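Enquirer: Residue strings, one per chain:
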Amino acid sequence: MQVTAERIAQHFNGEIIGDPYVKISSVSKIENGKPGNICFLANPKYEHYIYTSKASAIIINKTFVPKEKIAPTLIVVDNAYSAVASLLDLLNSLKKEKRSGRSWRAHVSWSSKIGKGAYIGAFAYVGKKSIIGKGSQIYPQVYIGNNVTVGENVILYQGVKIYDGCKVGDNCILHANCVIGADGFGFAPQPDGTYKKIPQTGIVVLDDNVEVGANTTIDRATMGQTHIGKGTKIDNLVQVAHNVEIGHDNVFAAMTGIAGSTKIGNNCQFGGQSGTVGHIEVGDRVRVGAQTGIIGNTKADSLLMGTPAINYKNYLKSYAHFVHLKEYKEKIDELEAFIKKEESEEK
Amino acid sequence: MQVTAERIAQHFNGEIIGDPYVKISSVSKIENGKPGNICFLANPKYEHYIYTSKASAIIINKTFVPKEKIAPTLIVVDNAYSAVASLLDLLNSLKKEKRSGRSWRAHVSWSSKIGKGAYIGAFAYVGKKSIIGKGSQIYPQVYIGNNVTVGENVILYQGVKIYDGCKVGDNCILHANCVIGADGFGFAPQPDGTYKKIPQTGIVVLDDNVEVGANTTIDRATMGQTHIGKGTKIDNLVQVAHNVEIGHDNVFAAMTGIAGSTKIGNNCQFGGQSGTVGHIEVGDRVRVGAQTGIIGNTKADSLLMGTPAINYKNYLKSYAHFVHLKEYKEKIDELEAFIKKEESEEK
Amino acid sequence: MQVTAERIAQHFNGEIIGDPYVKISSVSKIENGKPGNICFLANPKYEHYIYTSKASAIIINKTFVPKEKIAPTLIVVDNAYSAVASLLDLLNSLKKEKRSGRSWRAHVSWSSKIGKGAYIGAFAYVGKKSIIGKGSQIYPQVYIGNNVTVGENVILYQGVKIYDGCKVGDNCILHANCVIGADGFGFAPQPDGTYKKIPQTGIVVLDDNVEVGANTTIDRATMGQTHIGKGTKIDNLVQVAHNVEIGHDNVFAAMTGIAGSTKIGNNCQFGGQSGTVGHIEVGDRVRVGAQTGIIGNTKADSLLMGTPAINYKNYLKSYAHFVHLKEYKEKIDELEAFIKKEESEEK
Numbered sequence: 004m005q006v007t008a009e010r011i012a013q014h015f016n017g018e019i020i021g022d023p024y025v026k027i028s029s030v031s032k033i034e035n036g037k038p039g040n041i042c043f044l045a046n047p048k049y050e051h052y053i054y055t056s057k058a059s060a061i062i063i064n065k066t067f068v069p070k071e072k073i074a075p076t077l078i079v080v081d082n083a084y085s086a087v088a089s090l091l092d093l094l095n096s097l098k099k100e101k102r103s104g105r106s107w108r109a110h111v112s113w114s115s116k117i118g119k120g121a122y123i124g125a126f127a128y129v130g131k132k133s134i135i136g137k138g139s140q141i142y143p144q145v146y147i148g149n150n151v152t153v154g155e156n157v158i159l160y161q162g163v164k165i166y167d168g169c170k171v172g173d174n175c176i177l178h179a180n181c182v183i184g185a186d187g188f189g190f191a192p193q194p195d196g197t198y199k200k201i202p203q204t205g206i207v208v209l210d211d212n213v214e215v216g217a218n219t220t221i222d223r224a225t226m227g228q229t230h231i232g233k234g235t236k237i238d239n240l241v242q243v244a245h246n247v248e249i250g251h252d253n254v255f256a257a258m259t260g261i262a263g264s265t266k267i268g269n270n271c272q273f274g275g276q277s278g279t280v281g282h283i284e285v286g287d288r289v290r291v292g293a294q295t296g297i298i299g300n301t302k303a304d305s306l307l308m309g310t311p312a313i314n315y316k317n318y319l320k321s322y323a324h325f326v327h328l329k330e331y332k333e334k335i336d337e338l339e340a341f342i343k344k345e346e347s348e349e350k
Numbered sequence: 004m005q006v007t008a009e010r011i012a013q014h015f016n017g018e019i020i021g022d023p024y025v026k027i028s029s030v031s032k033i034e035n036g037k038p039g040n041i042c043f044l045a046n047p048k049y050e051h052y053i054y055t056s057k058a059s060a061i062i063i064n065k066t067f068v069p070k071e072k073i074a075p076t077l078i079v080v081d082n083a084y085s086a087v088a089s090l091l092d093l094l095n096s097l098k099k100e101k102r103s104g105r106s107w108r109a110h111v112s113w114s115s116k117i118g119k120g121a122y123i124g125a126f127a128y129v130g131k132k133s134i135i136g137k138g139s140q141i142y143p144q145v146y147i148g149n150n151v152t153v154g155e156n157v158i159l160y161q162g163v164k165i166y167d168g169c170k171v172g173d174n175c176i177l178h179a180n181c182v183i184g185a186d187g188f189g190f191a192p193q194p195d196g197t198y199k200k201i202p203q204t205g206i207v208v209l210d211d212n213v214e215v216g217a218n219t220t221i222d223r224a225t226m227g228q229t230h231i232g233k234g235t236k237i238d239n240l241v242q243v244a245h246n247v248e249i250g251h252d253n254v255f256a257a258m259t260g261i262a263g264s265t266k267i268g269n270n271c272q273f274g275g276q277s278g279t280v281g282h283i284e285v286g287d288r289v290r291v292g293a294q295t296g297i298i299g300n301t302k303a304d305s306l307l308m309g310t311p312a313i314n315y316k317n318y319l320k321s322y323a324h325f326v327h328l329k330e331y332k333e334k335i336d337e338l339e340a341f342i343k344k345e346e347s348e349e350k
Numbered sequence: 004m005q006v007t008a009e010r011i012a013q014h015f016n017g018e019i020i021g022d023p024y025v026k027i028s029s030v031s032k033i034e035n036g037k038p039g040n041i042c043f044l045a046n047p048k049y050e051h052y053i054y055t056s057k058a059s060a061i062i063i064n065k066t067f068v069p070k071e072k073i074a075p076t077l078i079v080v081d082n083a084y085s086a087v088a089s090l091l092d093l094l095n096s097l098k099k100e101k102r103s104g105r106s107w108r109a110h111v112s113w114s115s116k117i118g119k120g121a122y123i124g125a126f127a128y129v130g131k132k133s134i135i136g137k138g139s140q141i142y143p144q145v146y147i148g149n150n151v152t153v154g155e156n157v158i159l160y161q162g163v164k165i166y167d168g169c170k171v172g173d174n175c176i177l178h179a180n181c182v183i184g185a186d187g188f189g190f191a192p193q194p195d196g197t198y199k200k201i202p203q204t205g206i207v208v209l210d211d212n213v214e215v216g217a218n219t220t221i222d223r224a225t226m227g228q229t230h231i232g233k234g235t236k237i238d239n240l241v242q243v244a245h246n247v248e249i250g251h252d253n254v255f256a257a258m259t260g261i262a263g264s265t266k267i268g269n270n271c272q273f274g275g276q277s278g279t280v281g282h283i284e285v286g287d288r289v290r291v292g293a294q295t296g297i298i299g300n301t302k303a304d305s306l307l308m309g310t311p312a313i314n315y316k317n318y319l320k321s322y323a324h325f326v327h328l329k330e331y332k333e334k335i336d337e338l339e340a341f342i343k344k345e346e347s348e349e350k
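Chains as they are written, first to last, in the numbering used here: chain A, 4 to 350; chain B, 4 to 350; chain C, 4 to 350.
Okay, chain A solo, but in the shape it has when bound (with noise of 0.2 Å):
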């Protein structure tokens, strides 16, 4: 895929100084382009990097006044710095040619439903009375069981896994071996000291514009539904256990634990590796610094660190003292062997 400078100009109403039909092919940083690239200079401590570049173009600000003489074509903007997610977008929507129509290699049951200018890739797997909406990209090798639910413009990376009844909402993204609906981890502990599976018999639902990681799991809810609200974003090889319902608009960093039947609210964000236990409520807008075990219910707007989490100032604060503990000790023990010689002295 290239694009000239002119079309990128143009995206952005932005002025040409230079060839406008250079061929643009990918972004790169000002300090790595080559030919082929585009780059952009926001920050003017990188400035000496324009005079040497071998971009084929560079955006830079309205604002910008060269020293030198610069080779690559410019492109001027407004705000060079915010031009780029845009940028970005624009590249990779020319990119990714959108698929349409079934491979002869997929399983697709009559009984199920697909809709207009959906893709259904090689090895796919569409069970019973299931339903893909409009425009939705099942990739290779993706799963979809029975009264699967799909919806429009979703997009089912390579190898992606849904169980039987679950439900996924329009414009989801799910990325490759993700496995949605695999049974909660639920089990009635036996006199005899086995333990009996207590049967998972709800689904999980995922409402509009929600995003999940490669080789995360959501797991169903034992009645009822595992949920994840509007637009919630969820990275990598996380675990969202059964019954756990997850507001709109939260972030969940890679490799997070949501242990079973704990309500999170709305606009929170969790950092890597940290976690919950079960049955708890977290409010909205809690942040959740990585590593943290968050092990009771949780008031709005916390700020958290630790196992157990607490403030994440107070967690720092007494962190920094526990490095010094040895020191500490020793000299409460000077202050005791002090006040005992005193003490046999005045006898």
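For the record, the hints were derived by calculation from the structure and aren't laboratory data. It cannot be assumed that every hint is accurate.
[What the hints assert, rightly or not] Pairs of lysine-lysine, DSBU-like flavour, derived with a Cα cap of 35 Å:
| hint | chain 1 | residue 1 | chain 2 | residue 2 |
| --- | --- | --- | --- | --- |
| 1 | B | Lys70 | B | Lys131 |
| 2 | B | Lys316 | A | Lys316 |
| 3 | C | Lys320 | B | Lys332 |
| 4 | C | Lys320 | A | Lys57 |
| 5 | B | Lys137 | A | Lys200 |
| 6 | B | Lys199 | C | Lys32 |
| 7 | B | Lys131 | B | Lys101 |
| 8 | B | Lys316 | A | Lys343 |
| 9 | C | Lys119 | B | Lys199 |
| 10 | A | Lys170 | A | Lys199 |
| 11 | B | Lys200 | C | Lys116 |
| 12 | A | Lys316 | C | Lys302 |
| 13 | A | Lys302 | B | Lys334 |
| 14 | C | Lys48 | C | Lys32 |
| 15 | B | Lys119 | B | Lys131 |
| 16 | C | Lys48 | C | Lys72 |
[Unchecked claim] Only some residues are given here: those of chain A computed to face chain C with a beta carbon under 8 Å:
| hint | residue |
| --- | --- |
| 17 | Leu94 |
| 18 | Asp195 |
| 19 | Gly268 |
| 20 | Leu328 |
As the structure is a computational prediction, the values presented were derived from the model and not from experiment. By construction, the Cβ of each residue, glycine as well, lies at the ideal position given by its N, Cα and C atoms.
With the hints as your guide, set chains B and C onto chain A.
Expert: Showing chains B and C alone in chain A's frame:
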């Protein structure tokens, strides 16, 4: 799948009050009951829901005396609470049609033996000289290598991958995309700083009634076997390294990691995101808190928390003081200042 | 696969005592030796096993002088301990037939190039304009997107998923269900509290001799590349986020998480369940304890433990005092009470 209230009442040997022919398709909590649902009232604090419930049927205790009129069909049993698991079992068994036969889209080596009534789904792969027991359900996109043994009535969900030579006992359930028998992580450091792979020639053995969660990994032994004892239940995204030996009836919550060559007894419980180092022994009935890290041999019946793991009560006690370390430090400084002052006054 | 004791003796240039034609099919520890096994006796404390062993052959040191009669065939070598890895190599190479050719059940785009002697298994998918090097083994159910480059003598085990544009060097081994090149976790917060996806247009590059564990995830860069240096070994269930740059010959144990844009030097070792925050630099030869969390730039040769990570000896020292915090607090209270009493007496 639908079933009448009468059919459910028969199952429990319960009495019916109301319409016995109302159709039930799933279970829900009493606070969420909708037409087609069956609910249960076990805890008196939820009693008020029963009078306005839209559910089609409700299971109640013999001892329950209604204060108002109740619309749904009632099924009266000895113990509504303990009826729930049994009810889920019933609905589950009615829901999951057991499949049999081999998809023409599967690859099955002629040298492998497939038991009577077994199911091999589309895009599944069964290598050479493998054995699949009677009635086992091999879902689509499963991979079974060469010389693998899968017992009777096993379920391998979509995307499960089993490497050459591994053995899976009867009645095991393996969830989507778990990986059994990948190479253990063994490398010999070389004088030049590189690592040389140590071949992993052993296997993985899962005894009967083991359950393995989605995206969990259990590595093959360097020699001999990585072994999971009878009835042990393993949640999602768990790592069991090479040469590990785990006893019977243990429970490992999600994201637990057991490092190489460690031995774990029977009837232990590991909380989420906990772990052990390699080459240690953990006794029977040990209970491990979430995010705990065990770094040494551990006696039977220990209750652990923290990294490194200590008795969980001691951990929580020490942590309660950790939170106040700043104040303690200030107090120490105060005492020291006081004593120094006294000392100088005495001189 | 079976091999005679004589064949093994030749491999080590060792001397044979006993039947040279006995057939060996696998290695076991000396305490578990069964017919068909070869064992080794390196540590004198296991000597007693040799006199009753049922193994077919045993490798012994030249210096070993038996005290009783030994039934198995003996292979006498200079160093029995160091022979083990070599023996595993030999058996492994005899065991793993290298496959070649393309399954008629695979999908391979006509625009991709498959090297001589490469193997493409059933239900594998190779997209457009991708290149697979000579002798590489693409197992069943692997997904290779468009414009992917896979080097020579690579093994991609069943279920590996490689997104568009990524590059895998020569001699790499990728274990089942690992995911290379899923979108980095990048979202721009919007004024209304929602998140807008930032397109991830970069790739992942694995240099030669990299090994990647089962269910591990390595995300594509936002721009440019996420890069794993030559000979680095990554265990199961590890997360490497977008834009990360990792040097050569590092070792990452299972469940480690490296957050976005972090740079890691060479010859580092990360323990299980450890992690780093994003946007930091970690020097060469850093060793990181299990469950450790690194939150800042880290000098070469550091040894770390704790969250936040500090020197591991200091961590363990402080932790040894942490365990006694209750007593320290009581001692402080005692000292304070004593001083207060003295003060009041003085008045």
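Enquirer: If a hint holds in the structure, say so; if it does not, say that too.
Expert: Quick rundown of the hints versus the structure:
1. Straight-line distance between C-alpha atoms of B/Lys70 and B/Lys131 comes to about 67 Å, which puts the hinted pair past the 35 Å bound.
2. In summary, the hint linking B/Lys316 to A/Lys316 is supported, as the alpha carbons are separated by about 25 Å, within the 35 Å threshold.
3. As the CA atoms of C/Lys320 and B/Lys332 are separated by approximately 18 Å, the hinted pair is consistent with the 35 Å bound.
4. Between C/Lys320 and A/Lys57 the alpha-carbon distance is near 53 Å, which puts this suggested pair outside the 35 Å criterion.
5. Taking the CA atoms of B/Lys137 and A/Lys200, the gap is near 21 Å; set against the 35 Å cutoff, the hint holds.
6. With a C-alpha separation of about 21 Å, the suggested pairing of B/Lys199 with C/Lys32 holds against the 35 Å cut-off.
7. For the hint pairing B/Lys131 with B/Lys101, the CA-to-CA distance comes to about 26 Å; that is within 35 Å, so the pair holds.
8. A C-alpha spacing of about 32 Å is found between B/Lys316 and A/Lys343, which places the hinted pair at or below 35 Å, so the restraint holds.
9. Annotation: proposed proximity of C/Lys119 to B/Lys199 holds, straight-line Cα distance about 26 Å (limit 35 Å).
10. For the hint linking A/Lys170 to A/Lys199, the alpha-carbon distance of about 28 Å falls within 35 Å, and the restraint holds.
11. For the suggested pair B/Lys200 and C/Lys116, the alpha carbons sit about 29 Å apart, so the restraint of at most 35 Å is met.
12. For the hint pairing A/Lys316 with C/Lys302, the CA-to-CA distance comes to about 25 Å; that is within 35 Å, so the pair holds.
13. The suggested pairing of A/Lys302 with B/Lys334 holds, with an alpha-carbon distance near 31 Å, which does not exceed 35 Å.
14. For the hint linking C/Lys48 to C/Lys32, the alpha-carbon distance of about 13 Å falls within 35 Å, and the restraint holds.
15. Annotation: proposed proximity of B/Lys119 to B/Lys131 holds, straight-line Cα distance about 18 Å (limit 35 Å).
16. A hinted pair counts as satisfied when its Cα atoms are at most 35 Å apart, and C/Lys48 with C/Lys72 qualifies at roughly 18 Å.
17. The interface hint given for A/Leu94 holds, since its Cβ lies 6 Å from the closest Cβ of chain C, which is under the 8 Å cut-off.
18. Below 8 Å, beta-carbon pairs count as interface contacts, and A/Asp195 has none with chain C, the closest being about 30 Å; its hint is therefore violated.
19. Given hint, A/Gly268 at the interface with chain C, is violated; its Cβ is 12 Å from that chain's nearest Cβ, farther than 8 Å.
20. Taken as an interface hint, A/Leu328 checks out: its beta carbon lies about 4 Å from the nearest beta carbon of chain C, inside 8 Å.
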